[in-house]
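I would like the entire structure built from these sequences, with the hints used as guidance.
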Amino acid sequence: MSKNNINDFISSVQKTLAEEIESVEQTNDNYVSMVVKPDSFVKVAEMLRDKFGYVIPVAAGGVDYPDENRMQMIYYLVNPKTRFTLTYRVNVSRDDPRLPTLTTVWDGMSFHEREAYEMFGIDFEGHENLVPLLLPPTWKGGYPLRKDFKGEGVE
Amino acid sequence: MSEPKIKPEIMRMSWGPQHPMSGQTRVLLDVDGEKVHKIIADLGFTHRGIEKILENRTLLGGIIPVDRMAMVDSANISIGYVTAADKAYGLEVPERANWIRSLVCEMSRINSHLYAFGLQAEATGYFPAVFLWTTVDREILLDLFEELTGARWSFNFFLPGGVHKDLPEGFKENVIKGVQYLRRRFKDYWAAIVENYMFEIRCNNVAILEPKDALRLGATGPSLRGSGIDIDMRKDEPYAAYGDLDWEVITEDACDVMARTKVRFHEIGQSLNMMEQIAKEIPEGPIKVRFSPFMRAPEGEYYTRVETGRGELGIHMFTDGTTNPCRVKINPPSLRNMYVFERLAELNEMTVADIPVVINSIDPWYLDSDR
Numbered sequence: 001m002s003k004n005n006i007n008d009f010i011s012s013v014q015k016t017l018a019e020e021i022e023s024v025e026q027t028n029d030n031y032v033s034m035v036v037k038p039d040s041f042v043k044v045a046e047m048l049r050d051k052f053g054y055v056i057p058v059a060a061g062g063v064d065y066p067d068e069n070r071m072q073m074i075y076y077l078v079n080p081k082t083r084f085t086l087t088y089r090v091n092v093s094r095d096d097p098r099l100p101t102l103t104t105v106w107d108g109m110s111f112h113e114r115e116a117y118e119m120f121g122i123d124f125e126g127h128e129n130l131v132p133l134l135l136p137p138t139w140k141g142g143y144p145l146r147k148d149f150k151g152e153g154v155e
Numbered sequence: 001m002s003e004p005k006i007k008p009e010i011m012r013m014s015w016g017p018q019h020p021m022s023g024q025t026r027v028l029l030d031v032d033g034e035k036v037h038k039i040i041a042d043l044g045f046t047h048r049g050i051e052k053i054l055e056n057r058t059l060l061g062g063i064i065p066v067d068r069m070a071m072v073d074s075a076n077i078s079i080g081y082v083t084a085a086d087k088a089y090g091l092e093v094p095e096r097a098n099w100i101r102s103l104v105c106e107m108s109r110i111n112s113h114l115y116a117f118g119l120q121a122e123a124t125g126y127f128p129a130v131f132l133w134t135t136v137d138r139e140i141l142l143d144l145f146e147e148l149t150g151a152r153w154s155f156n157f158f159l160p161g162g163v164h165k166d167l168p169e170g171f172k173e174n175v176i177k178g179v180q181y182l183r184r185r186f187k188d189y190w191a192a193i194v195e196n197y198m199f200e201i202r203c204n205n206v207a208i209l210e211p212k213d214a215l216r217l218g219a220t221g222p223s224l225r226g227s228g229i230d231i232d233m234r235k236d237e238p239y240a241a242y243g244d245l246d247w248e249v250i251t252e253d254a255c256d257v258m259a260r261t262k263v264r265f266h267e268i269g270q271s272l273n274m275m276e277q278i279a280k281e282i283p284e285g286p287i288k289v290r291f292s293p294f295m296r297a298p299e300g301e302y303y304t305r306v307e308t309g310r311g312e313l314g315i316h317m318f319t320d321g322t323t324n325p326c327r328v329k330i331n332p333p334s335l336r337n338m339y340v341f342e343r344l345a346e347l348n349e350m351t352v353a354d355i356p357v358v359i360n361s362i363d364p365w366y367l368d369s370d371r
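Protein sequence lines, in the order shown, are assigned to chains A and B.
Take the first sequence: its letters are residues 1 to 155, numbered as in our numbering.
Take the second sequence: its letters are residues 1 to 371, numbered as in our numbering.
What the hints contain is simulated information worked out from the structure, not anything from laboratory work.
Please note that the accuracy of each hint is not assured.
Calculated cross-link-like contacts (lysine-lysine; reagent style PhoX-like; alpha-carbon spacing at most 20 Å) [claimed, not checked]: (1) A:K140 to B:K52; (2) B:K212 to A:K81; (3) B:K235 to A:K81; (4) A:K51 to B:K212.
Computed far set for chain A versus chain B, every beta-carbon distance over 12 Å [said to hold, decoys possible]: (5) F9; (6) K15; (7) N30; (8) K51; (9) Y65; (10) D107; (11) E115; (12) E118; (13) D123; (14) R146.
Idealized CB from N, CA, C, for every residue including glycine.
Shown next, in the form of structure tokens:
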């Protein structure tokens, strides 16, 4: 992915999706990070798949920012034509983390959303099978990848 | 694991974790007689919380748990983490160190593919001895690892900014000898197994993964290249010395189990060529840059992608100006491929006897999917 293509992508996103996104920027080397407003989360995802060619679901996972009382859900996507990775992000509140599922857009995100559900407690509305993926079914220890997880009370 | 209601004529059976071919996972199969209607993967038997462990370690100390994510392919996993750490510290890796990294990675890839090929031959049910042959041939590589790094498994050889040790005396000659021996062996394998009629009937036209499905479901590595899509991080985003080496991305168009097996097989050939080229042309120079284990990485985030034996591995490292990273997200290849495996039963007609062959063609490594 050349620098020009990245700049073209960023400017075209800024032009067409100015209303829907909070920011789009080049993070390091070859990656672009895009933060979307929660209201247009699914709509922009569909546009990324259909219009910008991001058809490969790579992974998804959360990051916890307890000081700012928010979590960020990050979806990693690849465009098979340009081989270029996009991190598609949305902020959710820590008190009531809810998001519509993106498995309707990218089928392969199913496992990754299940993992974010058990590790961060983000509730994906509309996910067909939202059950823990890696943790045991009897797990009562809280959400392990949140920053305030201490590992106490875990059996 | 929730277990939804199923139709009376369909039986749900548990395959693994005690099945000899399943590895450390359980797979639930909805079967009607011999036919498999649905596959449900139950992962997490080897979940160790590596992402959480990494938050409590320095960047350098994190190499050790990451190295244990996939024992058979540990160099390719740890190079992803080390490349991210290089970026976080802003270290310029010397050219010779990059070539040594590529050499170790290719040896590790052959090790991993040989393991997969041995299991694949065993899974068909006709060639149980082949797993022993590949195990013996892997000794050649393990001896080379031992000579270079001091350990046969899990060698923690890469450092941010370089590698631990330089090539010992006579190592290049041993590499070339090993390459010549393995090339001879692969000719035997090809004639005895891959072109064997019994192997062909178990693998041809089984578990077909069309290119559009491979992309949609997120397949990666040989599973994706077996569907004719030439995505390989070593070419798309060259790290270590891959930009300077002569090699090509292997693809097969048949999309079935045989295609995925052949991709691995030809990739071993490419890796052997690379090993030989590195042994002959490796540049002289320093092997590491000065680096303190308690160095602080400036605040930021760094994402790297590398090609492991099983596909694309992504490491997303968030640093906050302390010695420890504040979050490391690992995007493992096997988790993506396990989802593809789960959906293959819907795309194809499959019998219970096909399950070991199909799961090994995807080649999941549960230590890396579970983390």
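Against the structure, the hints:
1. Straight-line distance between C-alpha atoms of A:K140 and B:K52 comes to about 17 Å, which keeps the hinted pair within the 20 Å bound.
2. Proximity of B:K212 to A:K81 is assessed by CA-CA distance (about 13 Å); at most 20 Å being required, the pair is judged to hold.
3. Using a Cα cut-off of 20 Å, the hinted pair B:K235 and A:K81 holds, with the two alpha carbons roughly 14 Å apart.
4. Our distance criterion of 20 Å between C-alpha atoms is met by A:K51 and B:K212, whose separation comes to about 17 Å.
5. With a minimum CB-CB distance of about 16 Å to chain B, A:F9 clears the 12 Å threshold, and the non-interface call stands.
6. Non-interface call for A:K15 relative to chain B: holds, since the shortest CB-CB distance, roughly 25 Å, exceeds 12 Å.
7. A:N30, annotated as away from the interface, has a beta carbon of chain B within 12 Å; the closest lies near 7 Å.
8. For A:K51, the requirement that its beta carbon stay farther than 12 Å from each beta carbon of chain B is met, with the minimum near 16 Å.
9. Its closest Cβ contact with chain B, about 9 Å, brings A:Y65 to no more than 12 Å, contrary to its assignment away from the interface.
10. For A:D107, the condition that its CB be more than 12 Å from all CB atoms of chain B is violated, with the nearest at approximately 5 Å.
11. Not every CB of chain B is more than 12 Å from the CB of A:E115 (nearest about 8 Å), against its label as outside the interface.
12. Consistency note on A:E118: stated as away from chain B, yet its beta-carbon is not over 12 Å from all of that chain's, at 9 Å minimum.
13. Every CB of chain B is more than 12 Å from the CB of A:D123 (nearest about 16 Å), matching its label as outside the interface.
14. Residue placement check: A:R146 does not keep its beta carbon more than 12 Å from all beta carbons of chain B (closest about 10 Å).
Going through the hint list in order, the structure does not satisfy hints 7, 9, 10, 11, 12 and 14.
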